[in-house]
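Chains Y and L supply the protein sequences, listed in that same order. All letters in the first sequence, in the order written, are residues 1 to 269 by the numbering used here. All letters in the second sequence, in the order written, are residues 1 to 612 by the numbering used here.
Treat the hints loosely; a few may be bogus.
Some, not all, of what chain L presents toward chain Y, calculated at C-beta under 7 Å [to be verified]: (1) Ala450; (2) Met464; (3) Arg576.
It is worth saying that the hints were derived from the structure and are not from the lab. Ideal Cβ positions, reconstructed from N, Cα and C, are used throughout, including at glycine.
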Amino acid sequence: MNSGVAVLEIRDLTIDFGGLKALNSLNMEVYEGEIVSVIGPNGAGKTTLFNAISAMVPVTSGDIVFEGSSLLGLDPNQVTARGLARTFQNVRLFTNMTILENVMVAQHCRTRQGAIGALLNTRGFRSEEDQIRAQGEKVLGFFGSRLVGFRLNQPASVLSYANRRRLEIARAMATQPKLLLLDEPVAGMNPVESAELTRLIGRLRDEWDFTIVFIEHDMSVVRDVSDRVVVLNHGELLTEGDYADVSVDPRVIEAYLGQDTIIEDATAS
Amino acid sequence: MTATEMRPGTAPEPELAPPRRALDQNWRRLVRMGAVAALVEVFIALSGMPVRLDERPVIVSILSLGYVFIGAIPIVVGNRIGRQVRREGVPIHKAGGYELLAGTLAGAIAGAGLSVLVALLTHFDIREPLVNWSPQLLELLSFNRGTVFGVLIWLGIGAVGGFIGGGLRLLPARLRRTLLTMATTVVLISILEQLVADLVSGVRLESVADWFYGRRGGLTHSGAGVIAAIAGVASFFGRGRLKAARAHVQSLEGPARTRATSLMILLTAAVLIVVPMLVGSLTNELLANVGLFVLLALGLNIVVGLAGILDLGYVAFFAVGSYTAAVLTAATSPRINPEFPWFVALIFVVIVTGLVGLFIGAPVIRMRGDYLAIVTLGFGEIIRLLFLSDWLSGWFGGAQGITAIGGVEIFGITTVDGTNPRGVFYLVLVFCAIAIYVSWRLERSRLGRAWMAVREDETVAEAMGINTVNVKLLAFVVGAVLGSFSGAIFANKVGSVFPSSFLILVSMVILVVVIFGGMGSIVGVIAGAALLIGVLGGPKQPGLLAEFSEFKLLIYGALLVWMMLARPEGLIPSARRTRELHQEEFLQDAWLRGEVDTDDGDGNESEATERP
Numbered sequence: 001m002n003s004g005v006a007v008l009e010i011r012d013l014t015i016d017f018g019g020l021k022a023l024n025s026l027n028m029e030v031y032e033g034e035i036v037s038v039i040g041p042n043g044a045g046k047t048t049l050f051n052a053i054s055a056m057v058p059v060t061s062g063d064i065v066f067e068g069s070s071l072l073g074l075d076p077n078q079v080t081a082r083g084l085a086r087t088f089q090n091v092r093l094f095t096n097m098t099i100l101e102n103v104m105v106a107q108h109c110r111t112r113q114g115a116i117g118a119l120l121n122t123r124g125f126r127s128e129e130d131q132i133r134a135q136g137e138k139v140l141g142f143f144g145s146r147l148v149g150f151r152l153n154q155p156a157s158v159l160s161y162a163n164r165r166r167l168e169i170a171r172a173m174a175t176q177p178k179l180l181l182l183d184e185p186v187a188g189m190n191p192v193e194s195a196e197l198t199r200l201i202g203r204l205r206d207e208w209d210f211t212i213v214f215i216e217h218d219m220s221v222v223r224d225v226s227d228r229v230v231v232l233n234h235g236e237l238l239t240e241g242d243y244a245d246v247s248v249d250p251r252v253i254e255a256y257l258g259q260d261t262i263i264e265d266a267t268a269s
Numbered sequence: 001m002t003a004t005e006m007r008p009g010t011a012p013e014p015e016l017a018p019p020r021r022a023l024d025q026n027w028r029r030l031v032r033m034g035a036v037a038a039l040v041e042v043f044i045a046l047s048g049m050p051v052r053l054d055e056r057p058v059i060v061s062i063l064s065l066g067y068v069f070i071g072a073i074p075i076v077v078g079n080r081i082g083r084q085v086r087r088e089g090v091p092i093h094k095a096g097g098y099e100l101l102a103g104t105l106a107g108a109i110a111g112a113g114l115s116v117l118v119a120l121l122t123h124f125d126i127r128e129p130l131v132n133w134s135p136q137l138l139e140l141l142s143f144n145r146g147t148v149f150g151v152l153i154w155l156g157i158g159a160v161g162g163f164i165g166g167g168l169r170l171l172p173a174r175l176r177r178t179l180l181t182m183a184t185t186v187v188l189i190s191i192l193e194q195l196v197a198d199l200v201s202g203v204r205l206e207s208v209a210d211w212f213y214g215r216r217g218g219l220t221h222s223g224a225g226v227i228a229a230i231a232g233v234a235s236f237f238g239r240g241r242l243k244a245a246r247a248h249v250q251s252l253e254g255p256a257r258t259r260a261t262s263l264m265i266l267l268t269a270a271v272l273i274v275v276p277m278l279v280g281s282l283t284n285e286l287l288a289n290v291g292l293f294v295l296l297a298l299g300l301n302i303v304v305g306l307a308g309i310l311d312l313g314y315v316a317f318f319a320v321g322s323y324t325a326a327v328l329t330a331a332t333s334p335r336i337n338p339e340f341p342w343f344v345a346l347i348f349v350v351i352v353t354g355l356v357g358l359f360i361g362a363p364v365i366r367m368r369g370d371y372l373a374i375v376t377l378g379f380g381e382i383i384r385l386l387f388l389s390d391w392l393s394g395w396f397g398g399a400q401g402i403t404a405i406g407g408v409e410i411f412g413i414t415t416v417d418g419t420n421p422r423g424v425f426y427l428v429l430v431f432c433a434i435a436i437y438v439s440w441r442l443e444r445s446r447l448g449r450a451w452m453a454v455r456e457d458e459t460v461a462e463a464m465g466i467n468t469v470n471v472k473l474l475a476f477v478v479g480a481v482l483g484s485f486s487g488a489i490f491a492n493k494v495g496s497v498f499p500s501s502f503l504i505l506v507s508m509v510i511l512v513v514v515i516f517g518g519m520g521s522i523v524g525v526i527a528g529a530a531l532l533i534g535v536l537g538g539p540k541q542p543g544l545l546a547e548f549s550e551f552k553l554l555i556y557g558a559l560l561v562w563m564m565l566a567r568p569e570g571l572i573p574s575a576r577r578t579r580e581l582h583q584e585e586f587l588q589d590a591w592l593r594g595e596v597d598t599d600d601g602d603g604n605e606s607e608a609t610e611r612p
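With the rest of the complex left out, here is chain L (with noise of 0.2 Å):
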């Protein structure tokens, strides 16, 4: 859509396409954003989601997420409408009234989505096949005042919503990002209402937490007023500081950028050591569930990430990592008992762990692609069914699984179990740091380069002179071992094992988190694992919106989809990883930086001194 196709009002170039098409094309736009929002609207709706968020408050008694979901529908709808396509050449008009209008009309048929599920509500029942057609349902999208108010009012925000969307076109970027900012951080902060209470309480400004938020969950009042009134400031003020703060210690140099590094992870360290001693231990259990997953995530990401080995499976390393530390330290394991303190059954999850992914991989490892993707999946289940069946029952207890396991005693000093959260999250901490310096470590060294072009190319790092098949292996067995480490500690904390806890789920969702943090950047594996595992929850565990548990799959698949459109990379993605996906605008930048050589000009000049 050129500039003139945007504004039929004013008077476009007369070499470009007719206005008259032009009007047509934006209604066409409009009619099916709208249309697209609307469907989007119901099926959030009928997926019983704002029922089931509506018991979560952002700002008590006026907003609930359940509102804050279908609600910023249409004002993102508004905002996108607006969007102009850039080309180049062509002048990009001034954004005015045909945004607003634009959008206010496309946010009202979104909007009027909602007002025809509300009539439809009143006059049908079909919650035979559909669950959520339900009278709670009339009852939130009618705000409880009867149907014509339902389908009246729908209308209206979603016209408010397109229009509030498409006026942010409108104003100028520093007041934009001001605003957005303050909506965002209002909605965040209180859905980390566990976190940030339980922090507010942990250094006694308890208080504070009580005047921040209400009884039953959400912010109060004047306390979202206090919050959105300091991240305005802070973002119309602190504007671009941080991004130039991180460009600085980019562009340093030597030993300057060694010493910002290690200061950084020494801040890190410090954080995540002080914080758990400040919060509940709801709060460390979360911290502790969210380490377990990054410790698999840092697994996996070896083998998908710098190996480039699409292992959908991995749960087994996980599931063997568990029975195995189970069956050595549990006083109740049907077969062996020989109740091992933990730490020394983790020699033996290593080596025991370290043989299976041998066993599997060697078969497996000799396949590319899509062969070996599907075999790791077979694999992943036949180990949990091997743990499930009656001819191993004997050994791993089949479904009733093996009970009863100890925690980890550590030095005589403590016991860290299922009743110390914060122990487990210490005890998590450890390892994460282990499996961060290994990911580190071998990623910068020859295995880790052999890894990388296996990743690029295996036929010709086989001809090169690398053993595909021995450092594919490796790579497998090393992170078959740190996924281990997360199933060992896993086993004691939760004290019992069951082959349920191995779902082939578990697997999606650690691929999910790599894939989603950003596949081969360790820093981004972590983020993902804090933002997936730590909000949404994990396949078992609750994230921070419980309330969100029923729809995680959902919100993972739908996050997985935008993040392939819109960001492939990852959310903190490697270097290298940008360069693979985005090999176009890498080269553009870097021609722009005269870094791209040509053929013609410096292959003439060394030509002339070479020549005798």
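In isolation and in its complexed conformation, chain Y is listed as follows (with noise of 0.2 Å):
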């Protein structure tokens, strides 16, 4: 699956939050095409590690690289710039801007156009606008019918908690990223709800060439659609490898403490 071309590298990542160390000299690759996910019991930093890669909290010590470049001293928009994508663990839409709105707006990095075009309506305006509009409209398509339709002008607000995920997720996949960070996608969602954007997360991979990293603790989820499975504690990395090796490994086991039956009835099943 890997091309081994490292994407991502966090190398001796920390992240000191006044004597509390949410990440501890973390080390850990993403390489092209894969499909990592990042588990641990709660508090062990993983969604501090997304929102350290996405500049939302600041860098204690260590360096984010991307495509070979530092992220750090970087600004949250100037992150997405450079093609990396996120949603949140709390569902955080614009929910008073329409479904197709909220697509739209998230091209901003990606579309030039400015007032004065606006103002003077230029074609090079209307044009960015049609193709804005299209790139939302096809990539509210990839979730099928469950966000296309009458749906698109209504305001974000009235879609389902399911469906905000999957709109969440859409409003990533418009700024046109290369690596999508995925916050819990399947939280609150009944089990057919989280079958089925499991195997779209496969085929965000398959067919929009996207590299995801996502943060997991339906165990079943984990074990469906992720290449390799980065295990974190404390914010120390505890260890990484299949999903196989990975849960029937003491150490996460022990991690989970307690939380041990999740990942036996997972293998079970």
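With the hints as a guide, bring both chains together as one complex.
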């Protein structure tokens, strides 16, 4: 699956929140075309890792290298412009904008037209607007009947919980990234929906050529779709490898302590 | 309050609260509302409003605006007391005697406030702290017929007012609406006297105006009768027509909708072009002032309404625009006086204000929420103090300001200045049109979407690739430039600029206009400016009700509070804003229309089709 080219390299990454080490000299790589899942008990630093990559928390030491150049010192919008997009654990849509506007606004860093073009209604402006709209509809189209049709001009607030999660992924896709960071994409979904989304994650890689890193607690999703599993504990890398190896690793089971049944269930089924 | 509590006289359903308790509650509510109304009455009386407004007759020798104010309160309270909280599943009893009784009592309590005031006014003199504790007030309240009459008459007026208010509930809706329309139209036509009389005279019907309005203001008896009759007939038979027409226009789609919209715009433009030709200079002056504030409000609307940056120092850009235009066009400007033609100066105005916007915006924009608001407030004052300072008085004349600023020369044809308010209005109109176009185009562009995203969730907007600092700065600068247009016209209209024209109060008034009209809504902002500035007046500009000028700020405040409680989205809100503030209702409506999706239903359906 992976081409052997590291898209993302995390080197000795430490994030210090006033004495609390959320991440402690973490090292990991993500290779092109891979689907990597990040697991670990609560407070292991998974979301902090995502926040650090997307420049939303300051890095204490270490380096984050994306496609050969460091992301340190960039603003979140510059990171996104480089080709990294994320979703949020607690869905954060622009709920009062329409569904289409949500995916249109996400193309901001891929488009150019400014105030002057809009005021003069130039040809460049109009063609870019059409392009943005078409791209938005294409991204939404990926989710099939769920997000397209009469709903496109409805505000995002009418969407059901599961569809909000889908729209958030669509919005991240609209930024035209190389690497997608999905923070618990199936949290709160029912088994049917989460199975469907798991398949979609696979298709995102196969059809859209995204490299994907996702945080997940649902072990069946992790098992079904990830090429590699990275386990974090107390801000440190516990282990990484195939799901089959990781899930029976005694250290992982110990880290989950009390939650080990989840893993056993998943293995059994 | 449930239906049974409302009507202690009838036998309630047994499972509901015992009637004895309900009666207690009703009494308590009645006394409370009456007492609040009484306090409001006394407060208004002591604010000096009635005495001042007594000079403004509504109907000659019968009713003055002062009495309208204090007389309306018992009616309102009498009406409110009978209001029932509608609860699903609880039957609403038919309005009846209870409403009348409760209304009368509450109204009487409200009136009693004034009765007590009359008694106190007669026996004590505390004019020292309370300026309006005056013989004139006593005279007004007692109708010049002694204390006893004053005490009794207010009890009576309160009771009758409350009775009328309660009685309104018993009338069929159609009749009620007709009566209310008649009353409001008469008051409105009387308030708009200057405008209406001017307009009627403009179309050479002075005799009609003379017949409508008394010589010293106010409607004549026959005039009031005719107006009430016309309004009544129109309301009774035209009920719902307007609403239906609006709904029809809104239901149009595609080219038909575009045609309807352009027709509306053309009509409005035609009216705005024709009306100033018909009215005199006083009304044109008023229209020009309203226009200047529309321009300011449209500029602020981009900053506050679209990008969600709460700018409390917006007056800074008005000031910078004014001073730049003044310095560049006036011959008397202290340091540099190139005496540019106004339109040349305007180019510099745009550049200078843009730069000042960048300069102020760059540090400010990195802050959020309250911090940002406070800092903009500070910058608004700093700019004014700079113009006032001795340090820069060599440039801007300090407290003396810059005077003898020439008018706006338009291609050598005519010069527009303060002596030609009609010209000023047309000039303002052109710039308002520009501002409207700019707001309208930008809202529907890539930039407008970015502003919306920033307003909704700045952190996420940033993470989705929007350079929030840049787009916010751009909103700040666009708003600043629109405000500076207003400033540049203002300087050449008034002919002089002083630091005292740019008090923080101006910022507040513009903000109130935007909030009152409806944030983010172009039509709303224009309506807000027309109503507030046109009727009540701007910070220094008189409105149609010049008598109100002392109480302008009090009324602004009261209106704002009421607006926030009753209609936080503003007078004519943008659809988006309404959704934001009434999300629950909106979702409920959408659900009823079947537009809200549920997880189970269609989730499983599409699951089935997708399954291999």
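Which numbered hints are broken by the structure, listed smallest first?
none
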